[in-house]
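Chains A and B, in that order, are what the protein sequence lines are. Be aware that the first sequence starts at 1, since it is given in this note's numbering, and climbs by one per residue. Be aware that the second sequence starts at 1, since it is given in this note's numbering, and climbs by one per residue.
Any given hint might turn out to be false.
[As the list claims (entries may be wrong)] Each computed SDA-like pair below joins lysine to any residue, with the alpha-carbon atoms no more than 25 Å apart:
id, chain 1, residue 1, chain 2, residue 2
1, A, K75, A, D152
2, B, K60, A, K75
3, B, K183, A, K75
[As the list claims (entries may be wrong)] Which chain A residues stay away from chain B? Per the calculated CB distances, all over 10 Å, these:
id, residue
4, R34
5, G61
6, D94
7, P299
8, R303
Honestly, the hints are just simulated from the structure, not real lab data. Just so you know, these numbers come straight off a predicted model, no measurement behind them. By construction, the Cβ of each residue, glycine as well, lies at the ideal position given by its N, Cα and C atoms.
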Amino acid sequence: MATSKEMQTAGGSLVVERTGPLALVQDAGRFGARHLGVTQGGALDWISLGWANWLLGNAPGAAGIEIAIGGLSLKAEQTIRLAIAGADLGATRDGEPLAASGSFMLEQGQVLAFDQPKSGLRAYLALPGGIDAEPFMGSLSTVAREQLGGLDGRGGALQVGDRVMAAGHSAEAREMPSVAAMPQDGAVLELVTGAQIAHFEGASLFAAFNQDWQVDSRADRMGVRLTGPELRCQLGGMISEGIPLGAVQVPPDGQPIILLNDRQTIGGYPRLGALSPVACARLGQCAPGTTIRLSPVTPHQARTRYLRQLALWR
Amino acid sequence: MDALMVRLFDAIDEAHMPWILAADNALRAHLGEALIDLVPSYTTLLVHYDIEQLTQIEAKGLIQEALRGLQPASTEAGREHRIPVWYDDSVGPELPKIAERLGVDSDEIVRRHSGRDYCAFALGFTPGYAFMGMVEEALATPRLKTPRQKVAAGSVGIAERQTAIYSMRSPGGWNLIGRTAVKLFDRERDEISLFRPGDRVRFEPISREAFIEQGGDTTPLEER
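Bound-form chain B, shown alone:
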């Protein structure tokens, strides 16, 4: 009751993100101090407003005003990130399994996973964790039937047609294929979260040596 949902679309599509970003900007600007939190996701924005300041009717009115005449944000609005990933069976136990299912070798999976830009549709699950897509159809893999109790921070995974990086050690059910040394959420950094909704992300395969040089932790997943 202290929040209203702005629903713009019915399906997941990268082409929707410029509209979501435009709505995000417009709502932040128009609600100003009355806005407590704004949570954009694939097709929606949750507007959490200050109910001391606004009735629900007033909040609806402000939201409608903010969205009037909305134009999509430029496709350059999101930032671009290149994320070095050490793709390896020891830190990505599902890499060989996906390869086997497709009847190709692991290098081919790496080539295909790192061969396109992904869009950060929404952040959630843990701070800094971005739900990204779309992974090419053939690589789509359902979540593990039994989630792991502990997944190392930096683990790169696939679930259905989405991909993500675990931002901190947590339980998780995504299919792991590699690991990055990049910190997604770092309170010592000005930009605490590396990713924001609408950012574009490209994965770059790196060697074990390069991964170690970047400060990566090579402890195999199953030994953690």
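Chain A with its partners taken away, still in its complex shape:
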């Protein structure tokens, strides 16, 4: 921990001037306490957080700010190098448009502002070395429902007047390579099928993987509901068991819910399987109304794609 005032602001700091729907401190997530009911948390689009961090030479899972839908503005207290990646939320520096992905200097007194989504849903802002705050169980991930993480350590979202301090100094800035665009209508999300797959009716399985699904407005960091063909499963309620990230659970109404980072740790609905980590990141960028397809892949394929993503940051 920093001791003097100079030390505290050595990497620079930002003050929140305006908030939007939801801006949260997020990192790679909180691990090792799920058996106590503590959820995973962490950036929904871990790939975009990873790129924002990579641009500043940070570890991919360093804490940054997840800005959902826009509306946030921050003023630099000292000149600071920052990076953004993920959704295009119409970011500006003192009113001048910035690229949706890239690193840039914010001079003392300048304002970084996010407007509203042009593509994608969540932008990620990285600071040199991550964010300086007190972690809980090794993570700064904000989980409002659990009153854990964030700048205040109590699960609070960013508030006007909050000071966001960089945890370190920036290494040499990097250039953003061209990366996959934000998912559009027709995006394909890869899914590894699970143990209950055989209990779904054949016609439902065909529909699940060959028809369009629509991302519903009932979507948050806990889960995203899809609407589309009704999936029928011969299993009713099950005895509650641990839920992996990306689990596609099917409640009795036949409309799947994909469980994401802030999901409850155990639950009792049958599951088609789980989205791959890459697909989870992409789902985190799908606005309500987006149509998607589910596509089965092997665990090997899903893992290969995950490792390929990590390799880009080495």
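Since chain A is already given, all that's left is putting chain B on it; use the hints.
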């Protein structure tokens, strides 16, 4: 795809917990650094492993090795807890309703709810919240049709044959019968979560005065 489910049983039974605990220990020891999280529940354990380190085939192999020759943990493996509870209509609005349904007075419900040990089958819902059972058959009560928006931390509830304590203020649909001043999840404490899967829990009825003395909040539920 970064997790595998170990399924040991098909039904809820306290007699299964020594096996679940033994599997928990064995998996933690055998997977070591490759284990990210391990979530035991009534009949299963979800093994979340590091896919940078292990392929799924390797993870399956390690899990099989870990479970070979498994012996049930001692019945003393879980810890015992005594949880003082102020059973009262004002903080447990369903207490008189359950009593009425059974045609007995509230004291009889208290006597029966506090008259046996419960097993913590799994933690979830909110941090530190333990799903415990089994409540005696006659006390089994379905969840509220419409869950409450806010249930106070420490509220003691019944759903079907299970009982639980709300670990933090949250929405909830269990039938509330009382409240405890004990903190289930406290980040200032070495043992952040009071309960762990496999622990045994006994409720002890206390007076309003004792509840207040223990730091309990007597604000009636409906006024929160």
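Checked hints:
A distance of roughly 19 Å separates the Cα atoms of K75 (chain A) and D152 (chain A); the hinted pair therefore holds under the 25 Å criterion. A distance of roughly 50 Å separates the Cα atoms of K60 (chain B) and K75 (chain A); the hinted pair therefore is violated under the 25 Å criterion. Between K183 (chain B) and K75 (chain A) the CA atoms are separated by roughly 40 Å; this puts the pair beyond 25 Å, and the hint is violated. The beta carbon of R34 (chain A) sits about 4 Å from the closest Cβ of chain B, which is not more than 10 Å, so the claim that it is off the interface is violated.
Look at G61 (chain A): its CB is around 12 Å from the nearest CB on chain B, clear of 10 Å, so calling it non-interface holds up. Consistency note on D94 (chain A): stated as away from chain B, and its beta-carbon is indeed over 10 Å from all of that chain's, at 40 Å minimum. At the 10 Å boundary, the C-beta of P299 (chain A) falls inside the reach of chain B, the nearest C-beta of that chain being 4 Å off. Not every beta carbon of chain B lies more than 10 Å from that of R303 (chain A), the smallest distance being close to 5 Å; the non-interface claim is violated.
Of the numbered hints listed earlier, those contradicted by the structure are 2, 3, 4, 7 and 8.
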